[in-house]
Amino acid sequence: MDHQVDALAEPAAIEPAVARPHDITQSLLYLNGVSVTFDGFRAINNLSLELAPGEMRAIIGPNGAGKTTMMDIITGKTRPDVGDVLFDRGSVDLTTQDEAAIAELGIGRKFQKPTVFESQTVEDNVLLALKADRTVRRTLFWRPNGDARRITETLETIGLAAHRRRLAGSLSHGQKQWLEIGMLIAQDPKLLLVDEPVAGMTDAESMTTAELLKDIAKDHSVVVVEHDMEFVRRLGVKVTVLHEGSVLAEGSIDEVSANERVVEVYLGR
Amino acid sequence: MITRRLIEAPDGRGWIFLGLLAAAAILVPCLNLLLPPTSYFHVPTSAVALWGKYLCYALLALSLDLVWGYCGILSLGHGAFFALGGYAMGMYMMRQIGTRGVYAHPILPDFMVFLNWKELPWFWWGFDWFPFAALMVLLVPGALAFVFGWFAFRSRVTGVYLSIITQALTYALMLGFFRNNFGFGGNNGLTDFKDILGFNVQAQATRATLFALSALALALGYLIAQMVVCSKAGKVLMAIRDAESRTRFIGYRVESYKTFVFTLSACMAAVAGALYVPQVGIINPSEFAPANSIEYVIWVAVGGRGTLIGGAVGAILVNYAKTTFTTGLLAPYWLFALGALFVLVTIFLPRGILGLLPQRASPSPRLRGEDRGEGQHQAPASPLAASHPNPIPMPEGHGDRGSASHLRQRSAPQPAE
Numbered sequence: 001m002d003h004q005v006d007a008l009a010e011p012a013a014i015e016p017a018v019a020r021p022h023d024i025t026q027s028l029l030y031l032n033g034v035s036v037t038f039d040g041f042r043a044i045n046n047l048s049l050e051l052a053p054g055e056m057r058a059i060i061g062p063n064g065a066g067k068t069t070m071m072d073i074i075t076g077k078t079r080p081d082v083g084d085v086l087f088d089r090g091s092v093d094l095t096t097q098d099e100a101a102i103a104e105l106g107i108g109r110k111f112q113k114p115t116v117f118e119s120q121t122v123e124d125n126v127l128l129a130l131k132a133d134r135t136v137r138r139t140l141f142w143r144p145n146g147d148a149r150r151i152t153e154t155l156e157t158i159g160l161a162a163h164r165r166r167l168a169g170s171l172s173h174g175q176k177q178w179l180e181i182g183m184l185i186a187q188d189p190k191l192l193l194v195d196e197p198v199a200g201m202t203d204a205e206s207m208t209t210a211e212l213l214k215d216i217a218k219d220h221s222v223v224v225v226e227h228d229m230e231f232v233r234r235l236g237v238k239v240t241v242l243h244e245g246s247v248l249a250e251g252s253i254d255e256v257s258a259n260e261r262v263v264e265v266y267l268g269r
Numbered sequence: 270m271i272t273r274r275l276i277e278a279p280d281g282r283g284w285i286f287l288g289l290l291a292a293a294a295i296l297v298p299c300l301n302l303l304l305p306p307t308s309y310f311h312v313p314t315s316a317v318a319l320w321g322k323y324l325c326y327a328l329l330a331l332s333l334d335l336v337w338g339y340c341g342i343l344s345l346g347h348g349a350f351f352a353l354g355g356y357a358m359g360m361y362m363m364r365q366i367g368t369r370g371v372y373a374h375p376i377l378p379d380f381m382v383f384l385n386w387k388e389l390p391w392f393w394w395g396f397d398w399f400p401f402a403a404l405m406v407l408l409v410p411g412a413l414a415f416v417f418g419w420f421a422f423r424s425r426v427t428g429v430y431l432s433i434i435t436q437a438l439t440y441a442l443m444l445g446f447f448r449n450n451f452g453f454g455g456n457n458g459l460t461d462f463k464d465i466l467g468f469n470v471q472a473q474a475t476r477a478t479l480f481a482l483s484a485l486a487l488a489l490g491y492l493i494a495q496m497v498v499c500s501k502a503g504k505v506l507m508a509i510r511d512a513e514s515r516t517r518f519i520g521y522r523v524e525s526y527k528t529f530v531f532t533l534s535a536c537m538a539a540v541a542g543a544l545y546v547p548q549v550g551i552i553n554p555s556e557f558a559p560a561n562s563i564e565y566v567i568w569v570a571v572g573g574r575g576t577l578i579g580g581a582v583g584a585i586l587v588n589y590a591k592t593t594f595t596t597g598l599l600a601p602y603w604l605f606a607l608g609a610l611f612v613l614v615t616i617f618l619p620r621g622i623l624g625l626l627p628q629r630a631s632p633s634p635r636l637r638g639e640d641r642g643e644g645q646h647q648a649p650a651s652p653l654a655a656s657h658p659n660p661i662p663m664p665e666g667h668g669d670r671g672s673a674s675h676l677r678q679r680s681a682p683q684p685a686e
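In the order they appear, the protein sequences are chains G and E.
The opening position of the first sequence corresponds to residue 1 in the working numbering, with each subsequent residue numbered one higher.
The opening position of the second sequence corresponds to residue 270 in the working numbering, with each subsequent residue numbered one higher.
Treat the hints loosely; a few may be bogus.
[As the list claims (entries may be wrong)] A few chain G residues that face chain E, going by a derived Cβ cut-off under 7 Å, partial list only: (1) E104; (2) T115; (3) D124; (4) A129; (5) V136; (6) L140.
[Said to hold, decoys possible] Once the Cα atoms are required to be at most 25 Å apart in a straight line, the calculated DMTMM-like pairs of lysine to aspartate or glutamate come out as: (7) G:K190 to G:D84; (8) G:K214 to G:D228; (9) G:K218 to G:D203; (10) G:K113 to E:D461; (11) G:K131 to G:E118; (12) G:K238 to G:E55; (13) G:K113 to E:E513; (14) G:K77 to E:D511; (15) G:K113 to E:D511; (16) G:K218 to G:E260; (17) G:K131 to E:D511; (18) G:K113 to G:D98; (19) G:K131 to G:D215; (20) G:K190 to G:D254; (21) G:K131 to G:D93; (22) E:K322 to E:D461; (23) G:K131 to G:D81; (24) G:K214 to G:E250; (25) G:K77 to E:D461; (26) G:K77 to E:E524; (27) G:K131 to E:D461; (28) G:K190 to E:E513; (29) G:K131 to G:E55; (30) G:K238 to G:E211; (31) G:K190 to G:E211; (32) G:K214 to G:E55; (33) G:K190 to G:D23.
Worth flagging that the hints you see were computed from the coordinates, not collected in a lab.
Note that CB positions come from ideal geometry on N, CA and C, so glycine has one too.
Between the sequences and the hints, there should be enough to build the whole structure, so can you do that?
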């Protein structure tokens, strides 16, 4: 009997070189043994990930590695089949919360395709995102107490102050990406999940976006999902490589790009 | 506080609309009651009743525009709330008939005597008392909309599926109300009304008063809807309309907002129904017919979706056209004309008749007022660089660089200025 228990416990101990969480209370976000299956396809397979408070992390991986699905799980859009998804030093189980509750807890998300409220002005977009009471009663009888100042601050950070009266739908693709990042800042979340922030951007735009994200990371925890290796290198943070729904490698960009298995996955040897 | 907000809400166009309604509410009854029928300016009583009916339709269309135009909920069952409000008012007026009915029963309405019922069903209790009936006008449709909305929106039923179940809702109610043993007069409905609050419903003065009340209800409905739309909640509703899941990820409970606006809209439709019934003198289950609810949507589309006033204007115009059409030689072709109107408006006037008027500015005057004051202490030269240590330069639009730099020149403040 004892032998059997040992045999079962053993594989867990020799899992890939992922830093095992020593203490849940030290992590802002803690994923352990998360799996999710869509129609027999394992999108996420025994994924474990830990993010310290204040940390900025880049997540890379080839198409279909499960990056967006992981974000869906964290933000409550998708429920995992098994596994723990804990937030804020293990105090909240995210799998039991819905999207709105998770946003209230302090997790903001930027989508892969920029989604802003196109028929409203830039400043109204930020106003909607501003951290405030989200109940119907409060928004119905809302007064702009100091909101204009906070909106101006946010718009200056993202460089759209001159465009505040324009309809968000008339912005360029890059500006929409920034507006969405601005809406994240306005939410003032503890954790920002940023999905492919530089997709479709010019080199100059993606460089400024990197600076913007580094600036945000000074007082927020950030997870950036990105394809663009050059961009990730510019961020200069710890990198997690996902492959087929689980963590393949973790470390600095140089360590990771030297890793044989990562090269294999990316080049498809 | 709410009064102040109601007054703050309308824009220039809104005040014109309210002014016209106020003028109609005062002038039409005066011209009807005070001038002799021989006078050129005399408004005949039939016209008062007809236009009173149009105003009720206008309120109904406005309520539909509130949910459809601002929150993207295409309700194809708003006739249900209109009819329920009408039935509540009809029940009150049935009880007022008393012994003047054909069977002269002191308590039971004629159709119950005819069906050999011995006593008043419990759901008719209290309807002889006007305040109770008035409360039920709001409460019954409101509660139905709340419960329906709660389940539908919490289950995230959206788009065409939601439209279909709203159709099913009104169809189911129609089938129910058609049954004699449902207790609301079967397919004859409720009719043969004598008086309302002691006034003869046929009397000229009563009709003029009902007209004025309809105009007042429309004005109040507009003010409430406009207040909702101009508030931050209105911005949330539009956000839900344009990108529902995004709104959810920002932290808004989409289902609460939808349920709120759907219930409010249902109450407004019910008030329209309650004012409609005494003016037309009958309420029967055909008001629940799904085709009616679809027609209401056409009114809103014709007038201009997402403008509130457009719904009201569309309802009045289409119904005026309907009256003109169906009383002449062209009567058999009305439905073709209505269908053609819908198709033409959809193709050539996607923003409806009100879309032809100049577009108004974005509805956030209060926010703008506040930062106008702030602009004074903002450095005029290059605010981008001055106020933040890590400014983002203006974008170089990918693809069309020429137009991007042109845009920059137009909208971004230049340091030289």
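Discussion item. Could you work out which of the previously given hints the structure breaks and list their numbers from low to high?
Written reply: When the structure is compared with the hints, numbers 10, 16, 20, 23, 25, 27 turn out to be violated.
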